[in-house]
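Sequence lines, in order, name chains A and B. Just so we're aligned: 40 in this note's numbering is position 40 of the first sequence, and the numbers increase by one with no gaps anywhere. Just so we're aligned: 174 in this note's numbering is position 18 of the second sequence, and the numbers increase by one with no gaps anywhere.
Among the hints, erroneous ones may be present.
Said to hold, decoys possible - From the derived model, a few chain A residues whose C-beta atoms are all more than 10 Å from chain B:
no., residue
1, Tyr36
2, Ser77
3, Lys100
To be verified - Quick list of in silico lysine-lysine cross-link-like pairs, DSSO-like style, CA-CA up to 27 Å:
no., chain 1, residue 1, chain 2, residue 2
4, B, Lys254, B, Lys159
5, B, Lys259, A, Lys75
6, A, Lys58, B, Lys169
7, B, Lys166, B, Lys249
8, B, Lys166, A, Lys124
9, A, Lys124, A, Lys75
10, B, Lys259, B, Lys249
11, B, Lys159, B, Lys215
12, A, Lys19, B, Lys166
13, B, Lys166, A, Lys58
14, A, Lys124, B, Lys215
15, B, Lys159, A, Lys124
16, A, Lys124, A, Lys58
17, B, Lys241, A, Lys100
To be verified - Derived coverage of chain B by chain A (criterion: at least 3 residues anywhere in the stretch with Cβ under 8 Å from a Cβ of chain A; other residues may be distant):
no., stretch
18, 177–186
19, 223–237
Quick caveat, the hints were computed from the structure, so don't treat them as lab data. Only a predicted model underlies this, so the values are computations on that prediction, with no experimental measurement involved. From the three backbone atoms N, C-alpha and C, an ideal C-beta is built for every residue, glycine too.
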Amino acid sequence: MEIQESLGFIEIKFGPRWKYIAVVRAFIQNFIAVSYLDNLRADKIAMAASELLENAVKYAQGEETIVKLQLLPEKESIMVSVSNQASPEAIKGLKEIWDKVMQGDPLQAYIAQMQLAATRNDSKSQLGLVRIRYETGADMKLDIDGDKVTITLTQS
Amino acid sequence: MNKLSIESIKQDKVTIDTQDIADGVKIIVSGDIDMQDPSTLLDPLFDKVHNGVLSSGLKTVELDVTNLTFLNSSGIKAIAKWIMKLAGTEASKKYQIKILQNKAIAWQATSLQTLTFLVPGSVNVV
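So that you can see chain A by itself, here it is in the shape it has in the complex:
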């Protein structure tokens, strides 16, 4: 995600550890809340970043996870992206779930995925992406460049 002309931006680079997710979530929430004075919106974007970071901790390879957040002047949009490296198997799995949950009505996709999640006995939920799509109403984009995966969402 290129840094565009913005009302403000942050970039956080860290080794993905579970204990840092809540810290980053709180920081993003505060950053948006003081910029746009909209707590509900800040909560939604912070939730989305948190879900993406959970995925990064669970499935990423390597130490470098990068979170970028920009407040764009046009329609007071918020753009957030999370980048990390991943194995070919993890990328294949991500593409499969992406293709499945990014189609059709967001609410119906969320309900269907919840029903499926309820049948799982492992620790995976596979609800993160579909939850983000439904709860934030954001435009979402997946970019894969070799072993680098970037998920970007833009909310107006």
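Go by the hints and put chain B onto chain A.
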């Protein structure tokens, strides 16, 4: 102690208390659920609630999340899993799940209503 003999839980950043109400029990969940695998905490709790309510013939379970500020998608999965148990429950034994929400918390205003679609007629959000 409540009707189902469920003890209070305090783990990580979450507290869960169970109280008696007129025709059932109320589960009060407060704090944040953002641990890596909340199913280890929530699945046994909801199993105990479900089985206890069925064997006691209770008709209502209130899930009070008004002070639950964050719930990750693995936590949502655990609640969905509990609700879906009602789909396979004999009609005469079915109970009602009433979720008490706080609309000032963003995830609650959006995600909780979706839970009502899992087993239509069994869950309401107020």
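These are the hints, each one checked on the structure:
| no. | hint | result |
| --- | --- | --- |
| 1 | Tyr36 | holds, 13 Å |
| 2 | Ser77 | holds, 18 Å |
| 3 | Lys100 | holds, 15 Å |
| 4 | Lys254(B) <-> Lys159(B) | holds, 18 Å |
| 5 | Lys259(B) <-> Lys75(A) | holds, 25 Å |
| 6 | Lys58(A) <-> Lys169(B) | holds, 20 Å |
| 7 | Lys166(B) <-> Lys249(B) | violated, 31 Å |
| 8 | Lys166(B) <-> Lys124(A) | holds, 23 Å |
| 9 | Lys124(A) <-> Lys75(A) | violated, 36 Å |
| 10 | Lys259(B) <-> Lys249(B) | violated, 31 Å |
| 11 | Lys159(B) <-> Lys215(B) | holds, 13 Å |
| 12 | Lys19(A) <-> Lys166(B) | holds, 18 Å |
| 13 | Lys166(B) <-> Lys58(A) | holds, 25 Å |
| 14 | Lys124(A) <-> Lys215(B) | violated, 31 Å |
| 15 | Lys159(B) <-> Lys124(A) | violated, 32 Å |
| 16 | Lys124(A) <-> Lys58(A) | holds, 10 Å |
| 17 | Lys241(B) <-> Lys100(A) | holds, 25 Å |
| 18 | 177–186 | violated (count 0) |
| 19 | 223–237 | holds (count 8) |
Figure legend: structure checked against the earlier numbered hints; hints not met, in rising order: 7, 9, 10, 14, 15, 18.
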